[in-house]
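Q: The residues making up each chain are set out below.
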Amino acid sequence: MAKAKKKAVKKAVKKTAKKPKLDAKAGTLTVDVDLKTYGLEAALGAAYLVTDLNFVSLGGDRKKTLSVTLEPKSGKATAAALNKLAAQFQAELDTAKVRWEISRNNLPVREHVAKLAAVAKPEAQAPARPNETKLTDEQQSEIDRLIAEVESEIAEMNQTKAVPDPKGIRDSWEKKNLK
Amino acid sequence: MKLSYDLDDKSVEFRVPKGTYSEDALRLAAQVLSRRAETYASDEGKHWEVVLEAKAAKAGKPELRALAGEFHNELVNQEYRFVVGAFNRNITDIVVTQALYSARGDESTVKRRDEDDPEFKKTVAELMKRTQGEIERTMPKKIADKGAPLPAAGAEDFNS
Amino acid sequence: MSRLSTLPRDIEPKLSQLGALNFRDMGGWFLISNDWGHWLMLEPADFKRVMSGAVKEGEPLYTELAQRGFLRERTDFDALVKTEARRTQFRRFTGPSLHMIVVTLRCNLACHYCHSSVVDPTRTDTDMDLETAKRTVDFIFDTPNETICIEFQGGEPLLNWPVVKFVTEYAQAKAKGTGRRLIVTLVSNFNLMDEEKLDWLIDHHVSICTSLDGPAVVHEANRPRLGGGASHAAVIKWLRYIQKRVQEQPERGYYLPGALMTTTRASLAHGPEIVDVYDSLGMDQVFLRPLSPIGYAKRVWHDIGYSPAEFLKFYEDTLDYIVDLNTSGKSTIMERFSTVLLTKIVKGEDPGFMDLRSPAGAVLGCIAYNYDGNIFVSDEGRMVAHQGDPVFKVGHVRDPWESVASHPTTRALALASTMDSQPQCMHCAHKPFCGFDPVFHYEMQDSMTGRLPSSPWCEIRMGLLDIMFKKLRDPKTRAVFDAWLTRDECRWAESDAHEPGTPIQETAA
Numbered sequence: 001m002a003k004a005k006k007k008a009v010k011k012a013v014k015k016t017a018k019k020p021k022l023d024a025k026a027g028t029l030t031v032d033v034d035l036k037t038y039g040l041e042a043a044l045g046a047a048y049l050v051t052d053l054n055f056v057s058l059g060g061d062r063k064k065t066l067s068v069t070l071e072p073k074s075g076k077a078t079a080a081a082l083n084k085l086a087a088q089f090q091a092e093l094d095t096a097k098v099r100w101e102i103s104r105n106n107l108p109v110r111e112h113v114a115k116l117a118a119v120a121k122p123e124a125q126a127p128a129r130p131n132e133t134k135l136t137d138e139q140q141s142e143i144d145r146l147i148a149e150v151e152s153e154i155a156e157m158n159q160t161k162a163v164p165d166p167k168g169i170r171d172s173w174e175k176k177n178l179k
Numbered sequence: 001m002k003l004s005y006d007l008d009d010k011s012v013e014f015r016v017p018k019g020t021y022s023e024d025a026l027r028l029a030a031q032v033l034s035r036r037a038e039t040y041a042s043d044e045g046k047h048w049e050v051v052l053e054a055k056a057a058k059a060g061k062p063e064l065r066a067l068a069g070e071f072h073n074e075l076v077n078q079e080y081r082f083v084v085g086a087f088n089r090n091i092t093d094i095v096v097t098q099a100l101y102s103a104r105g106d107e108s109t110v111k112r113r114d115e116d117d118p119e120f121k122k123t124v125a126e127l128m129k130r131t132q133g134e135i136e137r138t139m140p141k142k143i144a145d146k147g148a149p150l151p152a153a154g155a156e157d158f159n160s
Numbered sequence: 001m002s003r004l005s006t007l008p009r010d011i012e013p014k015l016s017q018l019g020a021l022n023f024r025d026m027g028g029w030f031l032i033s034n035d036w037g038h039w040l041m042l043e044p045a046d047f048k049r050v051m052s053g054a055v056k057e058g059e060p061l062y063t064e065l066a067q068r069g070f071l072r073e074r075t076d077f078d079a080l081v082k083t084e085a086r087r088t089q090f091r092r093f094t095g096p097s098l099h100m101i102v103v104t105l106r107c108n109l110a111c112h113y114c115h116s117s118v119v120d121p122t123r124t125d126t127d128m129d130l131e132t133a134k135r136t137v138d139f140i141f142d143t144p145n146e147t148i149c150i151e152f153q154g155g156e157p158l159l160n161w162p163v164v165k166f167v168t169e170y171a172q173a174k175a176k177g178t179g180r181r182l183i184v185t186l187v188s189n190f191n192l193m194d195e196e197k198l199d200w201l202i203d204h205h206v207s208i209c210t211s212l213d214g215p216a217v218v219h220e221a222n223r224p225r226l227g228g229g230a231s232h233a234a235v236i237k238w239l240r241y242i243q244k245r246v247q248e249q250p251e252r253g254y255y256l257p258g259a260l261m262t263t264t265r266a267s268l269a270h271g272p273e274i275v276d277v278y279d280s281l282g283m284d285q286v287f288l289r290p291l292s293p294i295g296y297a298k299r300v301w302h303d304i305g306y307s308p309a310e311f312l313k314f315y316e317d318t319l320d321y322i323v324d325l326n327t328s329g330k331s332t333i334m335e336r337f338s339t340v341l342l343t344k345i346v347k348g349e350d351p352g353f354m355d356l357r358s359p360a361g362a363v364l365g366c367i368a369y370n371y372d373g374n375i376f377v378s379d380e381g382r383m384v385a386h387q388g389d390p391v392f393k394v395g396h397v398r399d400p401w402e403s404v405a406s407h408p409t410t411r412a413l414a415l416a417s418t419m420d421s422q423p424q425c426m427h428c429a430h431k432p433f434c435g436f437d438p439v440f441h442y443e444m445q446d447s448m449t450g451r452l453p454s455s456p457w458c459e460i461r462m463g464l465l466d467i468m469f470k471k472l473r474d475p476k477t478r479a480v481f482d483a484w485l486t487r488d489e490c491r492w493a494e495s496d497a498h499e500p501g502t503p504i505q506e507t508a509a
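As you go down the protein sequences, you meet chains A, B and C in turn. Heads up: the first sequence begins at 1 in my numbering, then just goes up one per residue. Heads up: the second sequence begins at 1 in my numbering, then just goes up one per residue. Heads up: the third sequence begins at 1 in my numbering, then just goes up one per residue.
Hint data in this document are derived by calculation from the structure and do not stem from the laboratory. Treat the hints loosely; a few may be bogus.
Derived DSBU-like pairs (lysine-lysine); straight-line CA-CA distance at most 30 Å [stated by the list, open to error]:
id, chain 1, residue 1, chain 2, residue 2
1, B, K2, A, K25
2, A, K73, B, K121
3, A, K73, A, K63
4, C, K313, B, K55
5, C, K165, A, K73
6, A, K64, B, K18
7, B, K58, A, K63
8, A, K25, B, K121
9, B, K121, C, K165
10, B, K61, B, K2
Computed footprint of chain A on chain B; a stretch qualifies when at least three of its residues, placed anywhere within it, have a C-beta under 8 Å from a C-beta of chain A [stated by the list, open to error]:
id, region
11, 70 to 82
12, 124 to 138
We put the beta carbon where it would ideally sit given N, CA and C, even for glycine.
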């Protein structure tokens with residue numbers, strides 16, 4: 001069953017992917033990207049990501065087929081290197097398609113959270129407590145005194161239109177994370 | 001990239017198709033590369049004819065190829081940035097607006113000192129007078145031109 | 001392959017179940033994360049099941065995914081909003097809290113990597129004058145943040161000692177009158193320090209930081225005296241002396257001095273020795289910072305610089321050494337960059353590191369004042385101006401704060417450094433923990449928005465975060481990191497117990 005599924009996936013990929021054009025003399029690889037399958041965002045995204053090692057020029061139109069030509073920066077590439085590049089670019093394209101689909105599916109969620117977070121009331125902060133098992137009684141009472149001082153300062157701050165403490169004294173992360 | 005070189009002019013020429021790239025991307029790419037090249041673009045209907053003239057003292061074929069290549073990469077960079085920017089526009093607007101608006105503050109967040117308070121004015125005047133005196137007593141008076149002799153090695157105090 | 005990972009070929013993606021997530025192939029396992037700072041480490045088989053929609057309700061993995069916002073059908077908006085609000089609390093800060101004042105460009109050292117484009121000590125035309133100093137403090141107190149931290153920089157600030165004292169006293173007088181919280185810090189190379197100056201700094205509660213690049217062989221290679229001569233001995237001498245004074249007089253509540261190192265090519269072979277020097281001085285942390293090729297450093301990069309890969313190797317090897325010191329009980333010294341990144345990763349909080357905020361802290365969190373009263377987005381922005389390009393100047397101390405806050409460059413930087421507007425960052429698993437520096441990219445790539453696939457900034461930060469996540473998988477290292485995070489919180493809590501920035505009143509004997 002798994003073998004049949006693999007074959008079907010390969011066939012589907014074969015249908016949508018046009019064979020890239022290798023020009024070993026010029027040292028370039030051209031891939032015609034079907035925008036109905038991949039979308040402009042994914043096509044541009046994959047082209048963008050490979051600009052670290054390649055010069056990338058585009059052709060075609062932005063509705064149907066984007067032609068992406070890659071030219072390794074290092075100079076003329078061999079046929080073998082260009083074949084490898086073709087496989088790498090195909091992987092980038094397929095991955096970009098997945099990334100953009102996830103992004104499109106979840107944009108409303110991200111926007112909603114961003115809006116609400118921007119107007120959310122700041123949390124009241126309590127200062128941290130160190131690992132208590134390692135402190136002596138004297139150390140613990142000193143820490144308690146310091147914490148009490150900071151807590152009253154924070155309470156005073158929150159009553160005015162003050163900003164949260166820029167030094168970032170927060171709820172103890174042990175309190176939040178230890179189970 | 002189909003490139004034509006003019007090595008005497010230190011320039012490289014190529015086409016930028018209008019159906020693929022926007023004019024905004026073209027202008028931004030030219031701006032980004034402006035430290036390294038002058039960009040000339042003529043509107044030829046379905047494409048722009050772009051010429052990059054290298055500013056470096058020497059520019060052979062490899063340098064001009066690299067210049068043209070970086071220009072094309074910058075075009076891709078800008079086009080993709082437009083796409084990403086448009087996609088995340090609402091989120092970016094919220095984030096930037098919140099940060100800028102908060103940072104600006106308003107009158108009520110700034111507690112101003114009463115600058116007319118006589119006691120405070122007296123403190124500041126004394127402080128400035130004292131500091132001015134110290135500057136006159138202790139700081140080097142001569143402002144050196146460029147090329148003034150450097151202090152000797154191991155000299156400890158440049159304030160005397 | 002690009003810097004972002006590609007999906008393994010044997011995965012057939014089924015994405016309808018998935019919430020917003022980015023993924024990264026960490027070599028043998030996968031990291032997934034989302035905008036809100038939640039993350040999970042997955043074995044390849046689990047990653048495959050996640051991406052192909054095969055995780056079923058009732059499984060432990062399903063619960064873990066749901067709790068972290070990775071499943072659309074189980075999105076807990078209240079929890080995500082709370083997480084995001086806490087993570088991005090700095091966006092509510094009213095204005096900058098850190099004000100870096102360059103009181104002079106004169107210096108007695110000739111550090112090879114100096115950003116400050118210093119001039120020789122006779123150039124008093126580059127000293128901040130008294131009127132500009134007063135106006136600078138007035139401007140600072142017109143910015144709205146309740147907390148003001150003034151940091152003296154240079155050149156060597158001690159070369160304009162009268163103005164350092166004036167700014168401190170004037171600011172303290174204004175802070176007293178307005179009820180603002182004031183912290184004053186001096187960054188000095190210590191080569192001009194003396195007892196009289198130190199007494200004054202202690203009396204006026206000005207904390208001190210210096211540069212210490214490690215053992216003498218590294219420090220002298222990087223930071224020779226102008227005209228020749230050694231600078232390392234003075235640093236060690238004064239660090240030890242100030243520590244002694246602090247420890248002998250705890251009632252004065254004065255700070256232990258701090259030190260920062262800068263990594264250059266000369267440092268790369270000496271990681272453990274650098275740590276040993278800091279440890280021998282009783283420093284509780286060392287900050288393994290990469291050097292940015294900005295200003296003068298850019299011109300000499302071929303001599304002092306290194307590739308991102310070289311820095312990352314240095315960093316990881318030295319971090320391993322530090323962790324070993326901790327696990328063996330030989331030392332408790334921390335590494336600062338780690339604690340900064342771990343604060344974001346493990347605690348989901350902002351560590352107050354300007355470069356790792358989205359948008360970055362330029363102007364919004366910190367601001368730089370040149371000796372002539374010109375205001376810049378950051379110290380690096382000031383350096384770009386010193387090389388002849390004033391693009392990062394946002395005003396002058398005679399301007400109102402509102403004009404600086406709404407300056408086109410301020411706004412451009414805020415937009416450029418917002419990760420959601422950055423193409424590569426948008427799909428990077430490290431996005432919630434990382435940051436973007438427009439000034440760096442302007443200098444390196446001629447563009448404030450940069451080109452991330454070929455950005456050394458990106459390569460280094462991505463590499464650092466890869467290292468952090470890999471280290472978190474080792475239980476021994478995780479225990480060390482947890483201890484550092486706890487101590488880091490205590491340090492902040494304890495420092496808040498004092499009232500910094502005000503003169504110490506002598507107590508009766």
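Q: Hint check: B:K58 vs A:K63, CA-CA at most 30 Å. Holds or violated?
A: Judged against 30 Å, a Cα distance of about 41 Å means the pair is violated.
Q: Next pair to validate is A:K64 with B:K18; report whether the Cα-Cα distance is within 30 Å.
A: Roughly 15 Å between the alpha carbons, so the hint for A:K64 and B:K18 holds.
Q: Are the Cα atoms of A:K73 and A:K63 separated by 30 Å or less?
A: Measuring from Cα to Cα gives roughly 28 Å; hence the hint holds.
Q: Are the Cα atoms of C:K313 and B:K55 separated by 30 Å or less?
A: It is violated: about 37 Å lies between the C-alpha atoms, which goes past 30 Å.
Q: A:K73 and B:K121: Cα distance at most 30 Å?
A: violated, 66 Å
Q: Please verify whether B:K2 and A:K25 have alpha carbons no more than 30 Å apart.
A: Holds: B:K2 and A:K25 sit about 13 Å apart, inside 30 Å.
Q: Does C:K165 sit within 30 Å of B:K121, going by the straight-line distance between their CA atoms?
A: holds, 18 Å
Q: Mind checking the alpha carbons of B:K61 and B:K2 for me, to see if they're no more than 30 Å apart?
A: holds, 13 Å
Q: Mind checking, does the region 70 to 82 of chain B have 3 or more residues with a CB under 8 Å from chain A?
A: holds (count 8)
Q: Holds or violated: A:K25 and B:K121, Cα atoms, limit 30 Å.
A: violated, 80 Å
Q: Take a quick look at whether C:K165 and A:K73 sit within 30 Å of each other, Cα to Cα.
A: The given pair, whose Cα atoms are some 55 Å apart, is violated under the 30 Å limit.
Q: In terms of beta carbon proximity below 8 Å, does the region 124 to 138 of chain B have 3 or more residues touching chain A?
A: violated (count 0)
In this structure, the hints that do not hold are numbers 2, 4, 5, 7, 8 and 12, in rising order.
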